[in-house]
Structures are given as C-alpha cells and as structure tokens.
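Colleague: Sequence:
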Amino acid sequence: MSQWNLDVGPLLRYDTVDANGVYHAFALIVTDHASPSEQVSAPVLRYTPLLADEQGPQVSGQTMQSQAAQIWAYADESGRLHRFWRFKLEIQLIEYAQVVAYDIPGACEATQFHVPARQENFRWAGHSCNGFSSSTPTEEWNGADPLWNDLLAEHAKKPFHMCMGGGDQLYNDKIANEEELTGVLNSDNSKPNMTPVTDEIATAIDRFLFFNYKKWFGSGSFSKAASQIPMVNMLDDHDLIDGFGTYPDDLMKSPVFNHIGSRGYFFYLLFQQFMNDEADSISNSDTSNPNPSPFLSLVIGGPGAFIPYPTHSLIVYLGPKQAMLLIDCRAQRKLKQVCAPDTYKRCFDAVRKLPASVEHLIIQLGVPLAYPRMVTLEKILESKYNPIVKLAKWLLPAFTNNFNGQVELLDDLNDHWCAAHHKRERNWLIERTQELSLERKLRITFISGDVHAGGCGVFYSARSLHPERDYRYSLAVITSAIVNAPPPAPVITMVNTLAAKKHRSLFYVHTREKMLPLFKYDLEDKKQRNKYIIGARNWCEANLNEKGELVFDLHVEKAKGAGETKVYSMTAPPPMFQQKLKK
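Per numbering that gives the first Met the number 0, residue 0 is the first one in the sequence shown, and the count goes up by one each step.
No lab work stands behind these hints: they were computed from the structure.
Check each hint, because a few of them may be wrong.
Unchecked claim - Once the Cα atoms are required to be at most 30 Å apart in a straight line, the calculated DSS-like pairs of lysine-lysine come out as: (1) K530 to K559; (2) K440 to K579; (3) K559 to K157.
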C-alpha cells in the first residue's frame with residue numbers, strides 16, 4: 000500500500016440532497032510529491048453508512064469506494080508537486096440517521112460524519128472570520144482553536160450535519176508583505192501602482208496563497224472539524240485580500256492587485272468549494288447554463304466584474320422544511336455594486352424550484368444586511384480635505400491602507416450594505432425577498448459575519464402583526480468572529496449607541512427595522528447598557544424545533560481566549576401568513 004504525504008485533508012464539503020433522497024458530498028485531499036514526474040495512481044476513499052444506536056453502530060449499507068479525480072496540481076519553487084484530489088460521495092438517505100465511516104488507505108485513518116434521516120431537518124453550525132488580522136496578537140487569544148474546540152464539543156454531544164462558513168475562512172492580507180510585492184502594493188500614493196505582473200510576481204502570489212491555505216486548512220481544530228462536519232462555504236473579501244471589490248476601479252484594474260484577487264478566487268474555489276472551473280466546464284465568457292458542473296447546489300450567475308470568474312452562489316437542501324441560499328457577493332462587487340441583476344435572478348429562480356415543503360429559507364450574505372449606520376463617519380473619511388483626516392494620516396501611518404492611500408477603515412465602511420453606495424441595492428434586495436416570502440410562503444432569515452461582533456437585526460411590518468403572521472418578519476443574524484479578535488470596547492460602545500437609532504429607509508414598503516436587545520446581560524450575567532452588539536468571539540448553531548421554529552443559538556466566548564461560551568438565542572417563527580401566488 001502506497002503512503003500518501005498529506006498537505007491538507009481530508010476536508011468534507013456538503014453539496015445537497017436530490018429529489019430521490021440521495022445525499023451528495025465531496026471530499027478533498029492535497030498530497031505532496033517529491034517530483035512532478037513521479038507516477039502515482041489515484042487514491043481511493045472507502046465509506047460505509049452505519050446506523051447509530053445504543054448498542055453501537057450497525058451497518059446500514061454496503062462499503063462503497065470513490066476513486067479520486069485530480070483537479071489541479073501546484074508545482075512549488077523547490078520542485079515539489081502538490082496534487083489536489085477530489086472524491087464524490089453519494090449516500091441514500093433512509094428512515095434513520097446514519098453515521099458514515101470513511102478512510103483513505105495510506106492517507107488517513109478512519110473517521111466519520113453524520114447524515115440525517117430522510118425526513119429529518121439538518122442541525123447545523125455557522126461561523127465567519129476564521130483567521131486573524133495582521134495586527135492581532137494571536138497569543139493573547141490562545142490562537143485559533145478555542146472556539147473550534149467548543150464547536151467540536153457540541154458536535155460530540157449532538158452531531159451537526161453541516162458547518163456553514165460565512166466568509167473570511169482565512170485571511171490572505173499578509174500577501175502584501177511578500178518580498179516580490181512590497182514595492183508594488185506598499186505605497187502611500189493615491190494612484191495605484193501599474194507595475195505589470197511578471198513571472199516572479201505571479202509565482203510569489205501563488206506561493207503565498209497555496210502555503211497560507213496549507214497552514215490554515217491543514218492543521219488545528221478547524222481542520223479537524225472540516226474532516227468530521229461537511230462544510231458549505233461562501234467567500235468574503237479576506238478570502239481574496241482586504242477590501243477586494245470596494246476600491247475605485249483604477250485600483251481594482253491595476254495589474255498586480257487584480258491578479259491577487261483573481262488568483263485568490265481560484266484558490267478559494269479549490270480549497271473551499273473543491274472546484275476548478277476549467278476542469279468543471281464553468282466559463283466566465285459563457286454563463287448561459289446556471290449549473291454546468293457536477294455540483295448540484297451550484298448556481299452560476301453573471302460574469303465577474305474584475306476577475307475572470309462568474310459568481311458561484313449555492314442553494315442547499317437542509318431537510319424537508321429548510322434550505323439555504325448562499326449568494327456570492329464578491330465576484331461582481333464594485334464600489335457601487337454588490338451583485339449584478341443576472342446573479343439575483345438566477346438565485347431567486349433557484350429558490351422558486353425548492354420543494355413545496357420548505358418553510359424556512361436562510362439567505363447567507365457575507366456582510367450584515369441590518370447593522371448600525373455609520374454614514375457620518377463614512378463621509379468624514381471619504382473627504383480628502385478634512386483636516387482631522389489629514390492630521391491622522393501624518394501622525395498615524397497605519398491610518399491609511401497600503402494600496403491607494405485611502406483611510407484604512409473606509410473599505411470596511413464601503414463594504415457594508417448600509418453604505419451610501421449600496422443603500423439602494425440593499426433596499427431593492429429586501430423588497431424582492433419580501434415578495435419571495437409571500438409568493439412561496441417562506442420565513443426568510445439572513446445570516447452574515449464580517450464585523451467581528453455578534454448581534455441580530457430584524458425587519459418587520461409597520462402594522463402590528465404577530466411575527467409568525469408577518470411575511471416581512473426576517474431576522475438578520477450576525478455571527479462573527481470564530482477566531483479573529485473583536486473591535487476595541489469604545490468601538491463596541493459607539494456601535495451600540497448607533498444601534499438604538501431608528502431608520503426610515505424602508506418606510507416606503509411599510510417595513511421597519513431595528514437591532515434586537517439580545518445582550519441585556521453580559522457574559523458574567525450582569526445587566527449592561529450595550530445590549531445590541533457584543534464584542535466577543537462567537538459561533539452559531541441552528542435547530543428546527545417541534546413547533547416549526549428555527550432557533551439560532553449564538554455561542555459567545557466568556558473570557559478572552561478561554562473558549563468557554565455563553566448562549567444567546569434568537570427564534571425565527573414558522574410562516575403562518577396567507578400565501579400570495581405571483582401572477
């Protein structure tokens with residue numbers, strides 16, 4: 000038996016369940032080879048569905064084998080070759096929940112994951128910001144493992160069927176520190192550097208991205224979780240580089256910065272979606288087919304704005320009564336656009352094809368749809384002539400970014416749905432989802448990350464209605480970050496103050512919005528003023544209860560780096576309003 004030297008894996012990725020009750024998933028490993036000319040046979044993954052009962056697992060199906068397909072190979076500068084192997088798994092759902100034991104001979108020992116019974120709704124976890132910002136002292140937070148260990152402990156008590164990554168599954172920002180890029184990206188000039196992409200620069204970009212993924216996805220408790228709980232991931236900016244898509248067009252089109260985003264998206268597809276567009280017949284120049292690949296959950300939208308890839312959104316089955324739509328809000332992002340109309344149309348068309356039994360639709364968006372407004376700060380920081388901004392730039396070099404000299408915080412503000420540039424699109428999206436809710440009798444809930452803090456907003460009708468009878472009633476859950484550090488306490492206080500303000504932007508569609516006062520009691524069970532947004536690391540779990548309610552439990556870290564959590568709960572009611580079919 001040959002022995003495989005693993006860089007990464009095994010990682011699991013859930014796809015969906017088809018109309019025949021067949022559960023579809025994929026596994027990925029990356030193997031290290033001493034020479035590109037080394038001849039190897041494709042590895043084989045063996046998997047056996049088992050019934051779990053009090054007497055121990057019992058075989059529920061025969062042992063099956065999946066031979067890997069090589070979807071790409073990376074040759075590093077030392078001459079070693081790193082092969083990406085993808086395995087397809089198909090399991091027939093039955094009357095009972097199953098444990099699937101699997102191994103890859105010569106590569107990994109037997110491990111297992113859980114699939115629900117055919118009529119069972121998925122129990123799932125959600126997270127975002129699975130990495131540290133460049134300036135964060137990681138040792139003060141005991142590294143990346145504490146909350147992943149907490150999630151794994153919950154999984155051991157009552158298994159999760161899926162783990163949703165809501166963006167920033169790793170941080171690629173340190174690519175700017177690569178020796179070959181320092182003179183290109185690190186500039187205080189307001190004009191972007193137009194240096195062409197040389198072979199040396201292209202090599203440095205691929206080198207950083209591959210080895211950063213190898214480090215983050217190949218070790219630690221996150222890697223362990225990804226081998227036991229199938230992932231469903233969607234990207235945000237740091238999966239590419241900080242703020243990609245939110246800068247002016249001249250920077251977005253500059254050769255090196257653009258190439259970083261393009262290669263970042265390529266590696267995101269490889270490591271997080273187990274896809275290679277070229278191998279999977281997906282083209283940026285022809286997006287007429289919304290699903291040309293072996294991934295049943297994939298929804299191809301329109302062409303990318305600055306990268307040679309179309310949007311890769313996902314719609315996944317989570318049991319008879321729930322489904323999740325993950326919208327790719329990065330591939331088409333511009334300073335004044337999140338997604339183009341073609342992507343929204345494809346996504347909404349996919350929702351309309353969901354089984355009639357689905358009552359809860361979770362829409363994942365990288366950045367929160369409901370969050371305290373910072374329009375005044377946005378305007379101040381955009382000004383080139385504001386004396387405070389000028390002084391801060393002179394006194395604090397870190398106040399500006401390295402890409403075009405604009406204020407560091409501005410790309411984060413411009414990224415938000417509530418930013419002036421995106422407000423019209425945000426309101427349009429909320430209107431369309433409300434129409435979809437009424438048309439399909441769906442309770443829609445949004446889930447997002449990005450902000451390194453936890454909270455929950457809500458949209459609801461201006462009329463006084465019970466939530467279950469209000470088709471406009473939509474929670475907007477915020478779970479962030481599972482690894483990264485929260486903002487400083489004064490920032491959290493400021494955001495909580497802003498959260499109490501009322502907004503009129505949706506009055507024209509008879510809709511109100513507010514932040515929920517989830518955190519009336521702090522992590523030590525003491526009353527506190529900051530009751531809307533909590534500045535502590537967190538992750539989320541979701542369960543559909545016997546009442547048809549979808550319950551979100553936010554697990555919030557009690558003490559810095561300790562990993563022990565306190566739970567705050569939010570509940571999305573079942574849809575009990577009258578359906579109104581679209582004419």
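Colleague: Take the hints in turn and mark each one as holding or not.
Modeller: A quick look at each hint next to the structure:
1. K530 to K559: Since the Cα atoms of K530 and K559 sit roughly 19 Å apart, the hinted pair holds (cutoff 30 Å).
2. K440 to K579: holds (8 Å)
3. K559 to K157: holds (26 Å)
Consistency with the previously given hints is maintained throughout, with no hint failing.
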